[in-house]
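Engineer: Chains as they are written, first to last, in the numbering used here: chain A, 5 to 358; chain B, 5 to 358.
If you're looking for bench data, these hints aren't it; they were derived computationally from the structure. Hints are not guaranteed to be accurate.
Repeated chains share a single entry, so a pair holds when one copy, or any two copies, can fit it.
Stated by the list, open to error - Lysine to aspartate or glutamate pairs mimicking EDC-like chemistry, simulated, CA-CA at most 20 Å apart:
#1 Lys313 with Glu189
#2 Lys320 with Asp175
#3 Lys54 with Glu106
As the structure is a computational prediction, the values presented were derived from the model and not from experiment.
Protein chains: 2
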Amino acid sequence: MSLSTSSIATESTVTKKLTQALNGKRTSPPPIWLMRQAGRYLPEYMEIRKSAGDFLSLCYTPELAAEVTLQPVRRFGLDAAIIFSDILVIPDALGQNVRFAEGEGPLLEPVRTSEQIERLDRGGLEDRLGPVYQALECVRKELSPDVALIGFAGAPWTVATYMVEGGGSRDFSLVKGWAFSAPDEFQRLIDVLVEATSAHLISQIAAGAEALQIFDTWAGALPEQAFIRWCVLPVKEIVSRVREKHPRVPIIGFPRGVGVAYKMYGRETGVNALSIDSSVPLAWAASDLQPICVVQGNLDPAMLLAGGKPMISAAKDIVATLGERGFVFNLGHGIIRTTPPDHVAALVEEVRAS
Amino acid sequence: MSLSTSSIATESTVTKKLTQALNGKRTSPPPIWLMRQAGRYLPEYMEIRKSAGDFLSLCYTPELAAEVTLQPVRRFGLDAAIIFSDILVIPDALGQNVRFAEGEGPLLEPVRTSEQIERLDRGGLEDRLGPVYQALECVRKELSPDVALIGFAGAPWTVATYMVEGGGSRDFSLVKGWAFSAPDEFQRLIDVLVEATSAHLISQIAAGAEALQIFDTWAGALPEQAFIRWCVLPVKEIVSRVREKHPRVPIIGFPRGVGVAYKMYGRETGVNALSIDSSVPLAWAASDLQPICVVQGNLDPAMLLAGGKPMISAAKDIVATLGERGFVFNLGHGIIRTTPPDHVAALVEEVRAS
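The whole structure should be built from the sequences, with the hints applied where relevant.
Structural biologist: This is the structure we're talking about:
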């Protein structure tokens with residue numbers, strides 16, 4: 005008992021670079037973690053993946069999910085671990101049939117009517133996602149106290165695209181067709197997702213998450229008014245619900261590909277930090293976003309394929325332009341499967357030396 | 005002879021709303037045409053498509069390509085016809101094996117080495133693309149003199165993504181991996197495409213095109229420095245080569261998804277107009293882009309699926325915000341295959357009444 009109390013006290017006083025930076029403190033060198041840092045480019049991940057069976061089973065087996073979460077932190081000495089999970093655990097926990105077919109991406113039995121929205125099982129979330137929270141607890145126990153643990157969820161709009169389209173999409177014709185022609189009906193799906201996502205994020209904090217990221221991968225597919233209604237307002241509501249319970253846990257928003265509208269998103273949602281994609285010009289991020297929010301990003305993941313001088317030079321530019329204020333080094337999108345792990349090691353070394 | 009001279013004189017003095025608007029003149033109501041206005045959502049197109057065999061044969065049969073170009077103009081009374089063709093006629097004319105597999109998108113035998121770049125057949129372009137120019141001539145003869153004829157090409161970066169990836173891509177890992185790790189080698193492919201694209205656009209003007217659009221569909225996939233090198237500078241060079249021969253033909257640039265960087269692209273390339281995707285906030289386009297360039301856009305194509313009040317209200321907003329200056333009504337991306345033609349008719353009626 006005394007041991008556990010003292011270890012909690014130690015943890016809370018230990019300096020975590022990531023949470024410092026997310027709270028707006030300039031840290032030099034900046035903290036670094038990488039989206040999709042655990043995954044198929046790592047041979048040690050492929051080993052575990054083989055033994056786990058399908059992808060969702062890996063997410064739902066706490067010891068295995070914890071192990072793959074820790075792998076990149078051990079290998080590269082990153083400043084944060086992000087729990088190994090998927091944005092589609094929410095529809096899965098809501099009782100929608102979700103599966104990951106090898107090489108095809110996710111396949112879902114689509115939700116396309118009000119009746120199908122009402123049939124979603126909103127009560128079983130906590131139980132169904134228990135293994136995710138257990139995995140977080142395992143990771144937090146193993147993790148060095150100076151490394152932060154990040155929980156995450158997909159934003160309602162992005163999760164809704166998969167739920168309605170039944171998988172990935174090129175033109176989002178079904179989900180947008182529905183949202184544009186029957187906005188009040190579609191709003192109900194977004195509301196269900198706001199509730200589920202808030203609960204899931206709050207439970208992740210209870211299980212040990214010290215920062216959160218909300219992934220809105222397909223935010224850039226919406227025109228402004230729809231973006232406000234289905235991305236900005238739902239995320240604002242989630243942020244407010246999480247803050248009510250855990251006012252001090254920093255939240256990163258990632259509305260990928262929204263261009264000029266990153267600014268409005270940063271101002272309106274109340275997130276602590278904006279994760280920016282690789283297309284965002286650095287000077288604009290420094291002049292227009294950093295006064296509003298901490299910025300996280302934005303090396304092109306394909307630079308990790310190239311490695312060598314081009315990668316180092318691109319990383320230097322990012323740190324030189326954004327490193328003067330609260331800043332977290334990351335990619336503009338997830339690590340690509342064919343990335344050589346040595347390039348990741350070289351990148352971490354470069355950022356640490358900056 | 006005198007007939008042809010007088011008909012040319014008539015044409016050049018007839019007021020074409022599209023070219024007026026592209027030259028910066030405010031026209032009320034604004035001209036309207038729609039990206040991918042000819043295509044699979046039209047039953048009359050499907051009729052012709054069946055008889056033509058494969059997709060490239062349709063592009064290369066002048067009477068059929070001309071006919072499908074004219075179909076939407078006849079049906080909806082649009083202000084412009086855009087020649088029915090494809091951005092991949094350039095790699096095809098350079099001797100790269102290109103085919104369109106039903107339901108799979110384009111498939112190309114990939115170009116991934118310097119040797120493969122050198123093996124491209126840069127001499128045969130004019131002959132190979134002869135049918136495209138004949139189709140333009142056919143269309144110009146049939147078209148009412150107040151309707152403008154638009155020629156187009158893919159921008160070098162976007163065409164290169166297909167040439168290197170061998171088709172569509174989600175992460176552009178092969179083309180970016182190459183471009184980032186061996187930029188001088190990759191530059192050679194861009195240079196070949198600048199030359200071919202300039203020649204193709206110039207020949208389209210000679211065959212009757214009165215405005216041009218350069219589609220850079222995947223410009224948004226590049227970080228700023230790469231965007232400058234592989235999108236902005238090549239398009240600037242193309243614009244300058246076309247202007248040398250035809251200084252008065254207006255050119256529309258469409259660097260899709262580049263967000264904040266539309267501004268720099270508009271300033272640096274010298275295009276007359278910027279076609280903007282649906283994610284660009286209207287007020288920002290009015291305040292930050294219209295002082296630099298004419299703006300074209302940007303109704304979400306999925307609004308044409310919804311139709312009715314939501315579509316009409318979105319169209320009204322666009323005209324109200326952008327219609328006070330040089331402006332062309334269009335979509336933010338191409339028409340979706342499942343679009344009801346009646347919704348297109350209603351949209352044209354709304355914009356005409358604005």
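Engineer: Which hints, by number, does the structure contradict?
Structural biologist: 2
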